[in-house]
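Undergrad: Next come the chains, spelled out residue by residue.
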Amino acid sequence: MQGHGWLRYHRQMLLKGWGEEGQRKLSNAHVAIVGVGGLGCPVALYLTAAGVGTLTLVDADAVEETNLNRQILHWQKDIGKPKVQSAVEKLLQFNPNVKIFPVHGQLKDETIEKWLRDANIIVDALDNFPTRLILNRYAVRTRKPLVHGAIYGWEGRATTILPYKTACLTCVFEEGPPPGVFPVVGTTPGTIAMIQATEVLKLLLGIGQPLLNRYLIYDGLMMTFHTVKIRRRPNCPVCGKF
Amino acid sequence: MAVKVRIPFAIQSLFDGATEVEAEGRTVREIIDDLEKRYPGVKQRLCDDDGELRRFVNIFVNDQDIRSLKGLETELSEKDEIAIIPAIAGGVVR
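From first to last, the protein sequence lines stand for chains A and B. Take the first sequence: its letter number 157 is residue 157 in this note's numbering, and every next letter is one higher. Take the second sequence: its letter number 16 is residue 16 in this note's numbering, and every next letter is one higher.
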C-alpha cells in the first residue's frame with residue numbers, strides 16, 4: 001500500500017470509487033474550514049481521520065465555557081485558548097499525516113483571499129450570517145465549492161454550492177436573520193457536520209450525488225430529514241445575471 | 001380548505017411547540033392570515049409592515065420556493081404541504 005501510514009485508511013479504501021487513487025486525491029486536497037465551533041470541530045475531526053492532506057482552520061474566537069456542550073475539540077483545560085490552536089493540538093495527535101494551517105482572525109473581504117487562496121473546497125461552519133455572506137461571495141467569485149451548514153436548537157440545515165451551477169446562499173436567503181443568542185444541543189451541529197464532511201469527501205473523490213440545489217432540513221426532535229428544492233435566482237446580486 | 005404547514009424550530013414557541021399545524025386558505029397569504037388568528041404574532045415574524053414576506057424568510061409549497069411561483073398569492077390545492085424556512089445564523093451573533 002502506497003504512502004506512509006496509509007493502513008489507517010484501509011477500511012475506506014475498500015469502498016467502490018475510493019481505493020489508492022481516491023486516497024491520493026484526499027491526500028493532495030486542501031480544505032478550508034471556516035469556523036471551528038459546533039460544526040467546524042466535528043468536520044475537522046472527520047476530515048483529519050479520513051486523511052485529507054491539508055486543512056486551513058479559520059476562527060477569531062477563544063474557547064469559552066459555554067462552547068463545551070458541542071465544540072468537541074475544545075476541552076475544559078482549553079478555556080481562554082484560541083479555538084484554532086486548541087483544535088490543531090488535538091487533530092495533529094489524532095492524525096500526524098495531516099498538515100494544518102491555523103488562522104486566528106476574523107474573516108473579512110480584505111483577508112479572505114490570502115487565507116483561503118490555496119483551498120480547493122470551503123466548509124461554511126460559521127455562527128453568523130454577515131461572515132457567511134462574505135464567504136459565499138468569495139466562493140462564487142473564485143468558483144470554489146462551498147459546503148454550507150447551519151443550526152438552531154434541534155434544527156439543522158445543509159446544502160452544497162457549486163458556484164454558477166447551483167443556487168448560492170444569497171439565491172436562497174436575500175438577507176440574514178436578526179441577531180440573537182440561540183439555543184443549541186451538541187448533537188445538532190454534530191449531525192449537520194457529518195453531512196458536511198460526507199459532502200466534502202464525495203466532492204474530493206468525485207462520487208455520489210452531492211446536495212446540489214437541494215436544501216436539507218434536519219429536525220432532531222421529530223427525527224426527520226426533509227429536502228426542498230432551491231434554484232439560482234436570475235437577479236441574485238452575487239451569482240445572478242446569467 | 002386545510003393544508004399542512006411545517007413549522008421551523010425558530011418559531012415553534014409561537015405554536016406551543018408544534019412542529020406541524022393545519023391551516024385554512026386558498027393562497028399562502030390566506031394561510032398566514034389564518035395562522036395569525038390562531039397563533040398571534042406569527043404574521044409579524046414572517047411578514048414586514050407592508051404584509052410582504054420578510055427577506056430572510058422562505059416559504060416552500062411542495063418543496064418549491066414560492067418566490068419562484070406567485071409569491072404570497074401562490075394558490076394551494078387540498079394535499080399541498082407548506083414549509084416555512086427562515087434563515088438561521090447558526091450560533092451566537094455578537
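Treat the hints loosely; a few may be bogus.
Said to hold, decoys possible - Some but not every residue of chain B turned toward chain A, in silico, with C-beta under 10 Å:
| hint | residue |
| --- | --- |
| 1 | Ala2 |
| 2 | Lys4 |
| 3 | Pro8 |
| 4 | Ala89 |
Claimed, not checked - Quick list of the computed label-pair ranges, beta carbon to beta carbon:
| hint | chain 1 | residue 1 | chain 2 | residue 2 | range |
| --- | --- | --- | --- | --- | --- |
| 5 | B | Leu69 | A | Thr142 | 30 to 36 Å |
| 6 | B | Met1 | A | Leu212 | 20 to 26 Å |
| 7 | B | Met1 | A | Thr66 | 45 to 51 Å |
| 8 | B | Asn62 | A | Val185 | 17 to 23 Å |
| 9 | B | Arg26 | A | Arg8 | 15 to 21 Å |
| 10 | A | Thr224 | B | Arg45 | 19 to 25 Å |
| 11 | B | Thr27 | A | Tyr164 | 43 to 49 Å |
| 12 | A | Leu68 | B | Gly41 | 42 to 48 Å |
| 13 | B | Arg45 | A | Glu110 | 34 to 40 Å |
| 14 | B | Asp50 | A | Asn69 | 37 to 43 Å |
Bear in mind the hints are in silico, worked out from the structure with no lab data behind them. Note that the structure is a prediction, hence the values are computed from the model and not measured. In this text, a Cβ means the ideal position worked out from N, Cα and C, and glycines have one as well.
Undergrad: Next, verify each hint and record whether it holds.
TA: Evaluation of the provided hints:
Look at B/Ala2: its Cβ only gets to about 20 Å from chain A, farther than 10 Å, so that hint breaks. A distance limit of 10 Å between C-beta atoms decides the matter here; for B/Lys4 the minimum to chain A is near 12 Å, and the interface restraint is violated. The interface hint given for B/Pro8 is met, as the beta carbon of that residue sits about 6 Å from the closest beta carbon of chain A, less than 10 Å. About 5 Å separates the beta-carbon of B/Ala89 from the nearest beta-carbon of chain A, less than 10 Å, and the hint is met.
Taken as a hint, the range 30 to 36 Å holds for the pair B/Leu69 and A/Thr142, whose Cβ atoms sit roughly 33 Å apart. Separation of B/Met1 from A/Leu212 is about 34 Å and departs from the stated range, judged on CB atoms against 20 to 26 Å. For the pair B/Met1 and A/Thr66, the beta carbons lie near 46 Å from each other, so the given range of 45 to 51 Å is met. Distance hint check for B/Asn62 and A/Val185: the Cβ-Cβ separation is about 30 Å, which falls outside the suggested range of 17 to 23 Å.
One distance hint, 15 to 21 Å for the beta-carbon pair B/Arg26 and A/Arg8, is violated here, with the actual separation near 60 Å. Separation of A/Thr224 from B/Arg45 is about 22 Å and conforms to the stated range, judged on CB atoms against 19 to 25 Å. Hint check: B/Thr27 to A/Tyr164, Cβ distance near 34 Å, so the stated range 43 to 49 Å is violated. Distance hint check: the CB atoms of A/Leu68 and B/Gly41 are about 34 Å apart, inconsistent with the given range 42 to 48 Å.
Here the CB-CB span from B/Arg45 to A/Glu110 is close to 35 Å, well matched to the stated 34 to 40 Å. Taking the beta carbon of each, B/Asp50 and A/Asn69 are about 40 Å apart, inside 37 to 43 Å as hinted.
In summary, the numbered hints that this structure violates are 1, 2, 6, 8, 9, 11, 12.
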